[in-house]
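Novice: Sequence:
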Amino acid sequence: MKIGYKLASEAFGPQELIRQAVRAEEAGFDFVEMSDHYHPWLEVQGHSCFTWSALGAIAARTSTLGLATGVTCPSVRYHPAIVAQAAATLALISDGRFTLGVGAGERLNEHVVGQGFPSVRGRHERLREALEIIRLLWQGGYQSYEGRHLQLEDARVWDLPEQPPVIAVAASGRASATLAAELGSGLFATEPKASIVGHYREAGGQGPRYAEVPMAWATDEEQAVRAAKETSRWAVTGWKVMSELPNPVNFDAATAWVEDHHIRQQFSVGPAAEPHVEKARTYAEAGYDHIVLQNAGPDPDGFLDFCAGDLLARVRALG
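First residue of the sequence shown? That's 1 in UniProt numbering, and the numbers climb one at a time after it.
If you're looking for bench data, these hints aren't it; they were derived computationally from the structure. Just so it is clear, CB atoms sit at the ideal spot from N, CA and C, and this is done for glycine as well. There may be inaccurate statements among the hints.
Computed list of lysine-lysine pairs in DSBU-like fashion (alpha-carbon distance at most 30 Å, straight line) [stated by the list, open to error]: (1) Lys229 x Lys240; (2) Lys229 x Lys279; (3) Lys193 x Lys2; (4) Lys279 x Lys193; (5) Lys229 x Lys193; (6) Lys2 x Lys279; (7) Lys229 x Lys2; (8) Lys279 x Lys240; (9) Lys240 x Lys193.
With beta-carbon atoms standing in for the labels, derived distance ranges [claimed, not checked]: (10) Ile93 x Glu26: 17 to 27 Å; (11) Asp154 x Val44: 39 to 49 Å; (12) Asp310 x Gly140: 42 to 52 Å.
Please model the complete structure; the sequences and the hints are all you need to start from.
Specialist: Structural data, given as structure tokens:
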């Protein structure tokens with residue numbers, strides 16, 4: 001079992017994210033995973049730096065810590081040729097510590113380049129083509145590709161690592177889990193559903209299986225709930241909402257109904273280890289072996305100290 005720390009690019013500026021990553025390595029985390037957004041979910045979060053620059057700085061400031069995007073959409077805001085180049089470079093400067101997490105994207109981040117946002121079917125078709133392009137470029141040499149949605153003309157990634165990064169593909173059901181097995185080399189999920197892992201394995205997937213575990217730590221339980229409600233209530237809306245709304249102001253409006261009990265249903269909360277361990281257990285028992293602790297509490301340093309003192313060892317023992 002590998003344990004990761006979620007770096008929320010929507011909630012903190014780049015210098016703070018780098019500092020937290022260094023502290024996560026010191027606390028004993030195996031890797032950090034960083035969201036790749038153009039906008040925050042909510043106005044109150046107030047940040048959204050360029051993830052690739054921050055990860056490069058983290059690679060230079062750490063020595064053993066794994067790095068992952070969680071997740072990058074490689075087909076609208078970015079062309080997959082750019083993602084292939086960026087991921088190869090980050091793999092090199094991190095000495096092979098990088099995992100490329102990819103998914104079909106959210107309108108929140110992808111509409112900004114003025115190309116619209118595809119239908120569910122369209123964006124999954126684009127994700128498949130993007131993965132084919134990335135894998136093609138990582139073979140080396142000049143490559144071209146003519147897809148229904150994406151094209152590549154006489155392109156070559158010149159600086160390639162000896163071993164390409166793991167590509168962990170975000171999945172929520174059979175079709176996306178099968179894609180992860182066919183064109184990825186790992187799985188990424190946000191729900192503790194054993195069926196997702198089952199579909200991945202049935203399709204021949206044998207790579208690492210990443211999952212985010214929503215937590216809110218504070219020295220007082222009510223404080224943890226308040227903090228998660230203020231900054232992370234978007235997480236209770238479900239993927240159909242999360243993937244479709246275009247701007248933070250829309251998420252502000254769409255989450256006005258969220259109450260404390262919704263937060264308690266979604267997150268493990270409070271200062272005690274047991275609720276957080278039990279939350280992580282549901283993901284471990286569902287078959288995930290790379291557990292990402294995603295803290296929505298108000299005190300990242302307190303949470304990191306808490307993890308170093310007890311939580312990491314207990315979660316790692318679940319595997």
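Novice: Give a verdict on every hint.
Specialist: Here is how each hint holds up against the structure:
1. Distance check on the hinted pair: Lys229 and Lys240 sit about 20 Å apart at the alpha-carbon level, within 30 Å; holds.
2. A distance of roughly 18 Å separates the Cα atoms of Lys229 and Lys279; the hinted pair therefore holds under the 30 Å criterion.
3. Restraint check for Lys193 and Lys2: satisfied, since their Cα atoms lie roughly 18 Å apart, inside the 30 Å limit.
4. As the CA atoms of Lys279 and Lys193 are separated by approximately 13 Å, the hinted pair is consistent with the 30 Å bound.
5. Restraint check for Lys229 and Lys193: the C-alpha separation of about 24 Å stays at or below 30 Å, so the hint holds.
6. Simply put, Lys2 and Lys279 have alpha-carbon atoms about 16 Å apart, close enough for the 30 Å limit, and the pair holds.
7. With a CA separation close to 28 Å, the supplied pair Lys229 and Lys2 stays within the 30 Å bound.
8. Our distance criterion of 30 Å between C-alpha atoms is met by Lys279 and Lys240, whose separation comes to about 23 Å.
9. Restraint check for Lys240 and Lys193: the C-alpha separation of about 17 Å stays at or below 30 Å, so the hint holds.
10. Taking 17 to 27 Å as the suggested C-beta distance range, the pair Ile93 and Glu26 conforms, at roughly 21 Å.
11. About 46 Å separates the C-beta atoms of Asp154 and Val44, a value consistent with the hinted range of 39 to 49 Å.
12. Between Asp310 and Gly140 the beta carbon distance is about 46 Å. The supplied range of 42 to 52 Å therefore holds.
Of the numbered hints given earlier, the model fails none.
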